[in-house]
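Chains as they are written, first to last, in this note's numbering: chain A, 1 to 343; chain B, 1 to 277.
FYI, nobody ran anything at the bench for these hints, they're computed from the structure. Hints should not be assumed to be uniformly reliable.
Rough simulated footprint, nothing fancy, chain B against chain A, three-plus residues with beta-carbon under 8 Å [to be verified]: (1) 68-78; (2) 107-115; (3) 154-165; (4) 253-262.
Listed next, with one range per pair, are the computed distances between beta-carbon atoms [stated by the list, open to error]: (5) T117/A to Y105/B: 48 to 54 Å; (6) A240/A to S20/B: 31 to 37 Å; (7) G287/A to L68/B: 21 to 27 Å; (8) L162/A to Q58/B: 32 to 38 Å; (9) Q58/B to I249/A: 47 to 53 Å.
The C-beta atom is built at its ideal place from N, Cα and C for all residues, glycine as well.
The residues making up each chain are set out below.
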Amino acid sequence: MTESSRSDGENAAESESGGTVDATDREMAAPDDGVATTDREVATDGGTASGIDARVSDLTAFLRDRPRLRTLSIAGPPYGILVFFFAIPLLAMLVVSFQADQIGGAWTLRNYTDFLTSETYLTVVWRTFLLSVQVTAIVAAVGYALAYSIVRFSRRTTLLLLLVILPFWTSYIIRMYAWINILQSDGVLDSILNLVGLPALSLLYTETAVLIGFTYVWLPLAVLPFYASLTNLDADLIEASKDLGAGPIRTFLSVTLPMTINGVITGVVLVFIPTFGSFITPRLLGGTNNVMIGMVIENQFKSAFNWPFGAAIGMVISVVVVALLVLATRLGGGLFGTGGETS
Amino acid sequence: MSAIDRVTAPFERFTQTHASRMASAVIVAVLAFLWLPIGVLVFMSFADGGVLSFPPDQLTLRWYRVFLSNDAALDAIVTTLTISIPATGITVALATMIAYAVDRYVFPGRSWLQLLATLPIIVPLVVTGIAMVLFFNGTLGLPDYVSVVIAHVIRTIPFATLVILPTFMSFDRGLEEASKDLGADEFETFRQVTLPNVFPGVVAGGLLAFTLSFNEFVYTYFVKGSGDPTLPVYIWNQIRYNVTPEVNVISVVFLAVAVSMVLAAVSLTRVDLIARR
Numbered sequence: 001m002t003e004s005s006r007s008d009g010e011n012a013a014e015s016e017s018g019g020t021v022d023a024t025d026r027e028m029a030a031p032d033d034g035v036a037t038t039d040r041e042v043a044t045d046g047g048t049a050s051g052i053d054a055r056v057s058d059l060t061a062f063l064r065d066r067p068r069l070r071t072l073s074i075a076g077p078p079y080g081i082l083v084f085f086f087a088i089p090l091l092a093m094l095v096v097s098f099q100a101d102q103i104g105g106a107w108t109l110r111n112y113t114d115f116l117t118s119e120t121y122l123t124v125v126w127r128t129f130l131l132s133v134q135v136t137a138i139v140a141a142v143g144y145a146l147a148y149s150i151v152r153f154s155r156r157t158t159l160l161l162l163l164v165i166l167p168f169w170t171s172y173i174i175r176m177y178a179w180i181n182i183l184q185s186d187g188v189l190d191s192i193l194n195l196v197g198l199p200a201l202s203l204l205y206t207e208t209a210v211l212i213g214f215t216y217v218w219l220p221l222a223v224l225p226f227y228a229s230l231t232n233l234d235a236d237l238i239e240a241s242k243d244l245g246a247g248p249i250r251t252f253l254s255v256t257l258p259m260t261i262n263g264v265i266t267g268v269v270l271v272f273i274p275t276f277g278s279f280i281t282p283r284l285l286g287g288t289n290n291v292m293i294g295m296v297i298e299n300q301f302k303s304a305f306n307w308p309f310g311a312a313i314g315m316v317i318s319v320v321v322v323a324l325l326v327l328a329t330r331l332g333g334g335l336f337g338t339g340g341e342t343s
Numbered sequence: 001m002s003a004i005d006r007v008t009a010p011f012e013r014f015t016q017t018h019a020s021r022m023a024s025a026v027i028v029a030v031l032a033f034l035w036l037p038i039g040v041l042v043f044m045s046f047a048d049g050g051v052l053s054f055p056p057d058q059l060t061l062r063w064y065r066v067f068l069s070n071d072a073a074l075d076a077i078v079t080t081l082t083i084s085i086p087a088t089g090i091t092v093a094l095a096t097m098i099a100y101a102v103d104r105y106v107f108p109g110r111s112w113l114q115l116l117a118t119l120p121i122i123v124p125l126v127v128t129g130i131a132m133v134l135f136f137n138g139t140l141g142l143p144d145y146v147s148v149v150i151a152h153v154i155r156t157i158p159f160a161t162l163v164i165l166p167t168f169m170s171f172d173r174g175l176e177e178a179s180k181d182l183g184a185d186e187f188e189t190f191r192q193v194t195l196p197n198v199f200p201g202v203v204a205g206g207l208l209a210f211t212l213s214f215n216e217f218v219y220t221y222f223v224k225g226s227g228d229p230t231l232p233v234y235i236w237n238q239i240r241y242n243v244t245p246e247v248n249v250i251s252v253v254f255l256a257v258a259v260s261m262v263l264a265a266v267s268l269t270r271v272d273l274i275a276r277r
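My request is simple: use the sequences and hints to build the entire structure.
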C-alpha cells in the first residue's frame, strides 16, 4: 500500500460518510484490486443497503486494504481497556506503595521496612502460607479423586461436571454464609450431632472452619483442569500399563499421574493464589485467631485508611504470587497457553 | 515378586476389585459436600425461627414476605442490575473482539493480549481491588458508578473470553472463505456467517459474565465508596453486623440467578468450557 493510495482511501471514506454511495469513489480507493472491485459491485447490487449499512461497508472496504488498521480497530479497544484499567492500576499501586502515609506523600521505603521487619506481620504471612498449602493439598487430593472417578468410571460425565461447577457460580459470600449456618455452635452440624448423641463441635471461628470453607469454594475450580487433563489422557497407555502387569495403583502412580501433571499444576496454582490473598473466608469463618494477610490489607484500606501501607503489602503478595507462577510455568503448568490447547 | 510388590499386592487387588464402587463413593461424598450447604440454605429460608434453630419448629413463607417488603434489599438488587447489565454488554463486546482478533489475525502483541485477558483471574482479587481503588478513585477521580462498572468488566472479561474464544476456534473458517468468495465483505461475512455460528458461545459467555458480575464482591467492595451497596455488599454488611433470617431468602435469590444462568449457558455451549482453568 503506497502513501498516495492510502490518502485516496481516506478521501473516499470521508466523502461517503456523508451518506452517498458512490461506486466510482470506492473503485478509486483500490483501483488495482480486481477481487475487491467485484466485492463492491455485489454489495451495491444487493440494493438493500441502508445509510448505516452503506457506511459500514465503506468502512470495511476502507479497512480491508489496511490490515494493520483493521487489526488495530478490533484488538485495540480491548487491549487499551485492559492496559489502562488493569495493568496501569497495578503499576500505580507500586508507585503508591513508596509514598508516605497518603497518596502523593513523600517518597519512602518505610512501608516495606515496617512490614518486613514486623514479627507480627511476618507471622501472619507465614500462617497464610501454611494454611494455603494445606488448603491446596486437600483440594488437589479431593478434586483429583473426584475428576478421576468421573472421567474413568462414570457415563454421565456432563451431568456430574455440571453438578460440580454449579456451586462455583453462586455468590462466594453466600457459600460462606451457608457454612456459618452449619458450623456455628448450635448450628446444623451441632444439632445433628446432638440428635445422634454426640458432643457438639462448635467449629465456627476455628482453623478447621477456615479449611472447610476454602475447600468448599475452590473444589469446583480445581476439578476443571484436572478433568481436562484426564480426558486428554490416552486410555491406551493405561491398557498398556496393565498388560505389562502393573496393578491399578502402580498404573496410577507411574502413568496417569505423570501424564496429567500439567493439569494438576494448573489446578494447584488456581487454588493457592486466591487462597493466599483471601480475606472473606478467614474473616467470616476464622474469627480473630486466624488472621490471614488478605485481612490485613482489607483492614488498611477499610479501617486504618493507610493506603500506601496496604499497597506495599499488596506488592509483597504479588511478588510471592509471581514467583509461584514462574515456578509453575517452569514445571509445565499450561496457564498462558492458547485457548485451544487444553480442550 | 519383589518385597515391595508383595506388600502392595493386596492393595492392588482390593483396588482392582472395588474400583468402580470406590469411584461411586467418592462422587457421592463430594457432591453431597458441595450441595448439602446449599440445601441447608434453601431449607432454612422456610424456617420460622430463622438462622439459630435447627431443625426448625415449623415451615413458613414469612421471611420471603419480609424480604419482599424490605426496600433496602430490593434497592440493592436494582443497584446490582444497573451495574451488571451494562458491564455484561461491554464485556461481551470486548471478549468477542479479543476472540476474533486472537483467532483471526497474527499481530505483534497477540500473546500479550491473551495474557492480559487471562491475568485478572490469576492476580489475587484483593490486589487488583486495591490497585483499582487507588487508580480509579485516587488518581483518576472517577465517579463510583463508572469505577464499579469498569471493575466488573475487568473481572468478567477473562471468563467470557475463555468461553467465547473456543467457539471461534472450532468454527469452520472455510465458511468465511466461501462467503468472501461469493462477494461479501468482511463485515457482511462477520454479521451473516461468523456471528450466527459463534452466537451460542457469545451468549453463553454473556450469561456467565452476568452471573459473575451479579455475584461480584471483592472489586465492588474496594472500588465502590459509600454509595448504595450491591446485593453481595449488602449481604456482607448483614452477615457482619446483624444477621436476620432474611439472608437465607436472599441466598435463594443468588442461587436462582446462578442456576438459571449457568443452565442456559450450558444449553448453548459445552459444559467443560464454563469456568475452566
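These are the hints, each one checked on the structure:
1. Counting residues of the stretch 68-78 of chain A whose beta carbon lies closer than 8 Å to any beta carbon of chain B gives 7, which reaches the threshold of three, so the coverage claim holds.
2. Coverage of the stretch 107-115 of chain A by chain B is violated. Counting CB-CB distances below 8 Å, 0 residues qualify, and the rule asks for three or more.
3. Using a Cβ-Cβ cut-off of 8 Å, 8 residues of the stretch 154-165 of chain A lie near chain B, which meets the minimum of three, so the contact claim holds.
4. Here's how the stretch 253-262 of chain A fares: 0 of its residues keep a CB closer than 8 Å to some CB of chain B, so the rule of at least three is not met and the hint is violated.
5. At about 50 Å, the beta-carbon gap between T117/A and Y105/B stays in the expected band of 48 to 54 Å.
6. At about 21 Å, the beta-carbon gap between A240/A and S20/B misses the expected band of 31 to 37 Å.
7. For G287/A and L68/B, the hinted distance range of 21 to 27 Å is not satisfied, since their beta carbons lie about 33 Å from each other.
8. Distance hint for L162/A and Q58/B: a CB-CB separation of about 34 Å, consistent with the stated range 32 to 38 Å.
9. Separated by about 52 Å at the C-beta atoms, Q58/B and I249/A satisfy the suggested range of 47 to 53 Å.
Of the numbered hints stated above, those contradicted by the structure are hints 2, 4, 6 and 7, listed in ascending order.
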